[in-house]
Amino acid sequence: MESRSDDSRKSSIIDLDDGVKQVKPPSGVWLESNFPGVLNVTGKLSGKHYVFSGGGTVVLVDSEDVEDLLTKTFGGNSCCGSGVKPLPYFTVV
Amino acid sequence: MSLVTGTPLGTITSQEEIYLEGAPTLYIQDYTADPLNNPDTDGFYWGLSGTSVYNVYEIGCVTDVSLTENITINDVLCDNVGVKSTVQQRNFLELVFTVQSFFPFTVLRHMVKGGAVTRTAPTDKFGLGPINNNLNYMVYCPKVYDTDVGDYVVIHLHKAKFVDAWTWNMPFGNNWTLTGLKLRAYADTDKPSVQQFATIMRSDASVIV
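Chains as they are written, first to last, in this note's numbering: chain E, 1 to 93; chain L, 1 to 209.
Looking at chain L on its own, in the form it has when it is part of the complex (with noise of 0.2 Å):
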């Protein structure tokens, strides 16, 4: 809508009136395997494609989904004018959700950092050890958000870990949730400088022409 007055000369880029609802669907893949453009035409890295030695786990019913970053942030304080600047560095992203989903424990034991999974009919068994640091993973976050035409937001974090302690939630009458889970996203190094710590991708081709 343009102003009565008061305008901006020049170029100028305004918002769209689309806005994007609900969770994106959750994939995460061991980090060993390569994305699957790796990288694209454009250069940048993203995707996952499943393999018989690393499958693409796909974490079912999330809720409460947010990501968020961690940057280190100081001002440059002159004492004779006051802060002039402010320095800040990226240290990681945060994906922090909840699941409501436990099986199967082949997609579970990865959140609750568990062993691996030995499946005989008709029972599974996964342990709880100690835990792995040395287990990376990529992690890939779809949003469709015109499902008549498959326009699609994409997240995807290079190099993420499940850090801090989640929470196995048992209520009476309401279903079982798996609370505080964390994927913290670092920078990848071997990613160009300018995409270590994600990829952001966002096809429309009604808009993006």
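Only chain E is shown next, with the shape it has when bound in the complex (with noise of 0.2 Å):
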């Protein structure tokens, strides 16, 4: 179920001599929501933004972001004494 945004998808390709060409990985870490929903977040670090589309949505975040948005959790105030703990946002993949 996971959905990858087609952009931070992209390795960039650089040309060498004599036409070879490398392939450089994407930089950043893959980070997967945990939010039932839509997910506008921004880098604290990088400023960049970033949209989660759902649960589930793996998204490559800038690497000096990640340490941030793995802090951030959501719910767990709940009403009714059983317990939940809140969440963290993301996990990495």
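Hints in this document: simulated from the structure, not taken from any laboratory.
As the structure is a prediction and not an experimental result, all values here were calculated from the model.
Positions of the beta carbon are idealized from the N, C-alpha and C atoms, including for glycine.
Some hints could be false.
Stated by the list, open to error - Here are the computed lysine-lysine pairs in the BS3-like style, where the Cα-Cα straight-line distance is at most 25 Å:
(1) L:K125 x E:K44
(2) L:K125 x L:K182
(3) E:K85 x L:K143
Claimed, not checked - Negatives, chain L to chain E, calculated, CB over 10 Å:
(4) I12
(5) K113
(6) V117
(7) W166
To be verified - Examples of chain E residues lying across from chain L (beta carbon under 7 Å, computed):
(8) V38
(9) C79
(10) S82
(11) P86
Combine the two chains into a complex, taking the hints into account.
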């Protein structure tokens, strides 16, 4: 059920001498959203805007934003004593 | 308590002096997900396990919770002797409740049959448009009746849908409530026929040995 954004999926292709091309893998970390909805977040350090279109969506996130994003949680302040703990917004894929 | 006289002979099962009180906790999850026990070692389907794609939602602060059934019932009337039997068929179960928690919208939107939530700090938004009739939920209702030892009962509805019109009450000087919520549980033909509508379970180590 994972879906990846086409833009973030692209690897960069570098032209070397003699017509040789080197494929450079995308830099960053793939994060999967646990949030059950569309989630728009901005990287604290890079300032980049990331859109997760639903729970289970995987997006390539700039390495410098990962640490901050992984600390973010949602839910958990349950009203009725069932003890549900906050969930992280993202998990590393 | 034994009667002085008149007790039936033979094997008799009597009921226990354990009484249940209060509403269970209600959880829902998209029907597309598999139940936690799919099935368990006894062949029963029940329980939920949340994933990033299929979150489990806890419905908060419920009141006026009741579970009813809808059946078609017809008497077999013989014109010479009267009613000789009654034919019954179960149509669906209905879990009716009122909710007093409105947040987060990621839970509320399921109950009011709304669209997906978009979160952009500091806002959550969702719309009310046409109702998606393809959304079904598993409903899991555990009730712990002895908190010291963790004895509990569970009602698990396999395939339910929010039906009927809700009412959003906004009284002055009192908390908001969402009334008219009704989860109708249909026959899930993917399950064994004896548990098509629901699985009901009790866990009590001191009694069930």
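Verification of the supplied hints:
Restraint check: the Cα-Cα separation between K125 of chain L and K44 of chain E comes to about 23 Å, which is no more than 25 Å; the hinted pair holds. For the suggested pair K125 of chain L and K182 of chain L, the alpha carbons sit about 24 Å apart, so the restraint of at most 25 Å is met. Between K85 of chain E and K143 of chain L the CA atoms are separated by roughly 19 Å; this keeps the pair inside 25 Å, and the hint holds. Every beta carbon of chain E lies more than 10 Å from that of I12 of chain L, the smallest distance being close to 39 Å; the non-interface claim holds.
Interface exclusion of K113 of chain L from chain E stands, the closest Cβ pair being 15 Å apart, more than 10 Å. The beta carbon of V117 of chain L is not kept farther than 10 Å from every beta carbon of chain E, the shortest such distance being approximately 4 Å. W166 of chain L, annotated as away from the interface, keeps every beta carbon of chain E farther than 10 Å; the closest lies near 19 Å. With its C-beta approaching chain L no nearer than about 4 Å, V38 of chain E sits inside the 7 Å limit, and its interface hint holds.
Annotation: C79 of chain E was flagged as interfacial toward chain L, and the flag holds, the nearest CB pair being 4 Å apart, inside 7 Å. The interface hint given for S82 of chain E holds, since its Cβ lies 5 Å from the closest Cβ of chain L, which is under the 7 Å cut-off. With a cut of 7 Å, the hint placing P86 of chain E at the interface with chain L is violated, because the nearest CB-to-CB distance is about 12 Å.
Checked against the numbered hints given earlier, the structure breaks hints 6 and 11 and satisfies all the rest.
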